[in-house]
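Counted from 1, the sequence shown has number 36 at position 32 by the numbering used here; the numbering is strictly sequential.
Rather than coming from a laboratory, the hints here were simulated on the basis of the structure.
Ideal Cβ positions, reconstructed from N, Cα and C, are used throughout, including at glycine.
Treat the hints with care, as some may be off.
Stated by the list, open to error - What follows is a list of derived Cβ distance ranges for each label pair:
no.: 1; residue 1: Asp32; residue 2: Lys61; range: 28 to 36 Å
no.: 2; residue 1: Ile26; residue 2: Lys61; range: 15 to 23 Å
no.: 3; residue 1: Thr12; residue 2: Phe45; range: 32 to 40 Å
no.: 4; residue 1: Phe52; residue 2: Ile13; range: 17 to 25 Å
no.: 5; residue 1: Ala39; residue 2: Glu69; range: 15 to 23 Å
no.: 6; residue 1: Ile13; residue 2: Gln38; range: 21 to 29 Å
no.: 7; residue 1: Gly43; residue 2: Phe10; range: 36 to 44 Å
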Amino acid sequence: MTVAQFETIGLWLGLAALYIFIVLAINDVLKKSQAPRIGRFFVWLVLFLSPLVFVIKTVVQFFLE
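Take these sequences, add in the hints, and give me the full structure.
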């Protein structure tokens, strides 16, 4: 395993762990604040679209190289 491969794997695992903590924190805040259903929908929509953009950017870069 090269250093570049190790760094790539570390980046993806670190981002995944960070994302899980963010999801747990936002879930807790939404439960405690009793936010309306439409508000919760948009919070989750934005939360799940953000990593999707990161994945799409990586895939596009892979195919362009």
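Task: Broken hints, by number - done: Of the numbered hints, 5, 6 do not hold.
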